[in-house]
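K.L.:
Taken in order, these protein sequences are the chains called P and X.
Quick note on this note's numbering: the first sequence kicks off at 1 and runs consecutively.
Quick note on this note's numbering: the second sequence kicks off at 1 and runs consecutively.
Worth double-checking, as some hints may not be accurate.
Listed below are the simulated DSS-like cross-link pairs for lysine-lysine, each with C-alpha atoms no more than 30 Å apart in a straight line [said to hold, decoys possible]: (1) X:K410 to P:K115; (2) P:K228 to P:K115; (3) X:K126 to P:K215; (4) P:K423 to X:K115.
A few chain X positions that, by computed beta-carbon distances, are all more than 12 Å from chain P [as the list claims (entries may be wrong)]: (5) E72; (6) K244; (7) D277; (8) R434.
None of these hints come from the bench; they were simulated from the model.
In this text, all values refer to a predicted model and were calculated from it rather than measured experimentally.
All C-beta atoms, glycine included, are put in the ideal place defined by N, C-alpha and C.
2 protein chains.
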Amino acid sequence: MAFCVLYPSLFSENLTPLFRNLRVPRGRNGARFMANSRESSQSPTKLVTFLGKGGSGKTTAAVLAAKYYASEGLRTCLVIHSQDPTAEQLMGCKIGSAPTECSDNLSAVKLETSKMLLEPLNRMKKVDARLNLTQGVLQGVVGEELGVLPGMDSIFSALALQKLVNFRSDERNAAPKEFDMVIYDGISTEETLRLIGVTERARWYLKYMRSMSEKTDIGRLTSPSLLKLAYDSINLNSGSSEGKTSTDIWNEVEQILERASASFTDLSKFRCYLVMDPMRSVSISSALRYWGCAIQAGTHICGALGFNPQSYAVTQEVAEKFSPLSFALLPYIGTDPFVEWETKLDSLDQSTKDLLGANIYFRPSVTFDSLQKTVTLFMPGFDKSEVKLYQYRGGSELLVEAGDQRRIIKLPPNMHGKVIGAKFTDRNLVVKLR
Amino acid sequence: MAFCVLYPSLFSENLTPLFRNLRVPRGRNGARFMANSRESSQSPTKLVTFLGKGGSGKTTAAVLAAKYYASEGLRTCLVIHSQDPTAEQLMGCKIGSAPTECSDNLSAVKLETSKMLLEPLNRMKKVDARLNLTQGVLQGVVGEELGVLPGMDSIFSALALQKLVNFRSDERNAAPKEFDMVIYDGISTEETLRLIGVTERARWYLKYMRSMSEKTDIGRLTSPSLLKLAYDSINLNSGSSEGKTSTDIWNEVEQILERASASFTDLSKFRCYLVMDPMRSVSISSALRYWGCAIQAGTHICGALGFNPQSYAVTQEVAEKFSPLSFALLPYIGTDPFVEWETKLDSLDQSTKDLLGANIYFRPSVTFDSLQKTVTLFMPGFDKSEVKLYQYRGGSELLVEAGDQRRIIKLPPNMHGKVIGAKFTDRNLVVKLR
Chain P
1 MAFCVLYPSL FSENLTPLFR NLRVPRGRNG ARFMANSRES SQSPTKLVTF
51 LGKGGSGKTT AAVLAAKYYA SEGLRTCLVI HSQDPTAEQL MGCKIGSAPT
101 ECSDNLSAVK LETSKMLLEP LNRMKKVDAR LNLTQGVLQG VVGEELGVLP
151 GMDSIFSALA LQKLVNFRSD ERNAAPKEFD MVIYDGISTE ETLRLIGVTE
201 RARWYLKYMR SMSEKTDIGR LTSPSLLKLA YDSINLNSGS SEGKTSTDIW
251 NEVEQILERA SASFTDLSKF RCYLVMDPMR SVSISSALRY WGCAIQAGTH
301 ICGALGFNPQ SYAVTQEVAE KFSPLSFALL PYIGTDPFVE WETKLDSLDQ
351 STKDLLGANI YFRPSVTFDS LQKTVTLFMP GFDKSEVKLY QYRGGSELLV
401 EAGDQRRIIK LPPNMHGKVI GAKFTDRNLV VKLR
Chain X
1 MAFCVLYPSL FSENLTPLFR NLRVPRGRNG ARFMANSRES SQSPTKLVTF
51 LGKGGSGKTT AAVLAAKYYA SEGLRTCLVI HSQDPTAEQL MGCKIGSAPT
101 ECSDNLSAVK LETSKMLLEP LNRMKKVDAR LNLTQGVLQG VVGEELGVLP
151 GMDSIFSALA LQKLVNFRSD ERNAAPKEFD MVIYDGISTE ETLRLIGVTE
201 RARWYLKYMR SMSEKTDIGR LTSPSLLKLA YDSINLNSGS SEGKTSTDIW
251 NEVEQILERA SASFTDLSKF RCYLVMDPMR SVSISSALRY WGCAIQAGTH
301 ICGALGFNPQ SYAVTQEVAE KFSPLSFALL PYIGTDPFVE WETKLDSLDQ
351 STKDLLGANI YFRPSVTFDS LQKTVTLFMP GFDKSEVKLY QYRGGSELLV
401 EAGDQRRIIK LPPNMHGKVI GAKFTDRNLV VKLR
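Please put together the full structure from these sequences, using the hints given.
P.N.:
Here it is, written out as structure tokens:
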């Protein structure tokens, strides 16, 4: 059997530190690797997030993780994006719309879309004053009158997170980082999954937008100025569009998206955990499903966390359901206004610390066997009937639909070919190519 | 004291049936009214939704309400938009991406954005083939390759709900309704709040877009054809743009948004409940906050529901916190795969049935006193420090910011004037005008 890992980023040059302590334990699950557990000061800012059913303790896990990282001396920022006051109660401090230090090494910020709207609008007005695209109409827009529409929360939180973690920059010219760890407690698991998948998906939209702007009359006419307006307003690379052609801008945006996409499969930059209440079956089945959804979105799950079920038998049973993921326990945190965090952190199991430190291994979710001409997709949490397989582009890729997300899998050149069969067994979709 | 209700729609002609059984109980909370509890077959489709912290039982409440309405003989559809399998488990049937009947009078559908993408794209391709705007580029877009980006879930669920409840149509030419009740279990409370506010907010964006398209060179050049493409693709009024000028289209979209906005303050079309676990303080404080957020978004809360706390004292204490809202109890529903729904429905209190039947009264959230020149805004769940007040447009309106949403309050003509003072006491912001 010849295995190779799907995500090219895992082998790209800037990731070698990840492999320095490489150990490949022999296991029944094929290729595995182990990440370095220490977060060095040279390493990039890490984005950490938690997925799970509402009420399974995502916010509590996020606060706990933030407190843990801070206690380990890492500069940590908790980012929340909800009107739910739980995080503030747990943190024991008021969380405002700019990062504020709550305790040693630990800051927190609440993303508020209504406030985030204003900054890009003001930048856009400045650019417009220079380019004179809207003949003053834009200047007359009162940003404070604009409320938040559906969808804006997601888009603006993506931009805000990007600022904090800087996934778009290449390492050579990265600005000094403000935080070692950014913990994102999103609006909902559904929305976090969209954020994880955004850069990979956006590349497809970009491709079509580019061809629309380059190949149609209306595009050739309007796109050069609109492109400059958008580029300078979003201020992606903290540079200006001055002296750049449309082609330069398109290429640059493509590169940014490519780098950001790779970040989501890179343990040194992004970590995502499942959270559940092991005593509630709905919480467990949601976590299993979100595991599959996260893979569909284009990332790996680092491990599964359950709030202490006070029963060893339950732990064993649940842990088995999530194999080969590591499963660890979090201490029970009540709803008392005052939580004794020091005691809670002291009570953390070593296995939990290892997991939060990404001292973990996982297997790739896609494996290619070029001899057998098969592609195996690990798809936990889905039923056979929910998985759909398509092929466009003459056999150079597979398109897999499940969990309300499509995912494109590029086939290695020596495996291009039409699908002649597929079967779904034991959480794996095995696709046979001609 | 002279009171008048903010929302003009409450007094509009098509709402008279709502007032037929009008009783105005004398209470300490000013103007109140009582809605008709029977859902007649002539009345419009009602949209019902639930707000609350993750894990407080929104999905359970939605399924329970759907089962209850169906048992009362109302054609009911449960709409979910999440990968969380809880609703399917509770409903005891597979929920697909088209409405399917699960039991008598009760259908269910799972909105899947990846599927919903395709239909408008295909319509857009057809329109484009006619208008030849993109010289074939649009025809080359493989919709199946496009994944779901952040924000799309919200936008497409708004369009899908609109189709089911038809808030945009005026009554004269409304199509025969498929369902009496549509129960929406959204992705998250945050997202549902955005949906509630969308039409009112979208009108402001529309105003600026219209002026952009009419007053700038680039707008005058491109907007007529883009407008037709968008109009025919979204297919808002099931008509075509043929023979319509840009002005016609803009006016029509404005009217649609106005009608839809009014629907969210109209008990005969929209009902929104708070859900909580009365035994958990975080669940209660989230519900209080979402109450305020819902008012900010532009709707009323019909009542508060708590899952049975098995303690009369707790019920009393919680109910007081939500006064003047009606508070009712829902029976405890376990996580067993098989729920005895008949027994559960039989055990519903009369007060719960009244609440679900909108047999309720509420006070307006904004009251104007033209003699004292004061405006009183009821804003539960917010701290004084979180509320911001602005005035633009020369004293004809107030702009209130709280809970990450802005809300514009038009002042009655005889009260136009600058703000000279404001104070926040007992959940009310009292604004004094010159």
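K.L.:
If a hint holds in the structure, say so; if it doesn't, say that too.
P.N.:
Structure-based check of all given hints:
The suggested pairing of K410 of chain X with K115 of chain P holds, with an alpha-carbon distance near 22 Å, which does not exceed 30 Å. Restraint check for K228 of chain P and K115 of chain P: satisfied, since their Cα atoms lie roughly 24 Å apart, inside the 30 Å limit. The suggested pairing of K126 of chain X with K215 of chain P holds, with an alpha-carbon distance near 19 Å, which does not exceed 30 Å. Taking the CA atoms of K423 of chain P and K115 of chain X, the gap is about 23 Å. The hint holds against a cut of 30 Å.
E72 of chain X, annotated as away from the interface, keeps every beta carbon of chain P farther than 12 Å; the closest lies near 27 Å. Distance check on K244 of chain X: its Cβ is at least 20 Å (rounded) from any Cβ of chain P, clearing the 12 Å threshold; non-interface status holds. For D277 of chain X, the shortest C-beta to C-beta distance to chain P comes to about 9 Å, within the 12 Å cut-off, and the non-interface label is violated. No Cβ of chain P comes within 12 Å of the Cβ of R434 of chain X; the nearest lies about 21 Å off, and the non-interface call holds.
Hint compliance for this structure: hint 7 is the single one not met.
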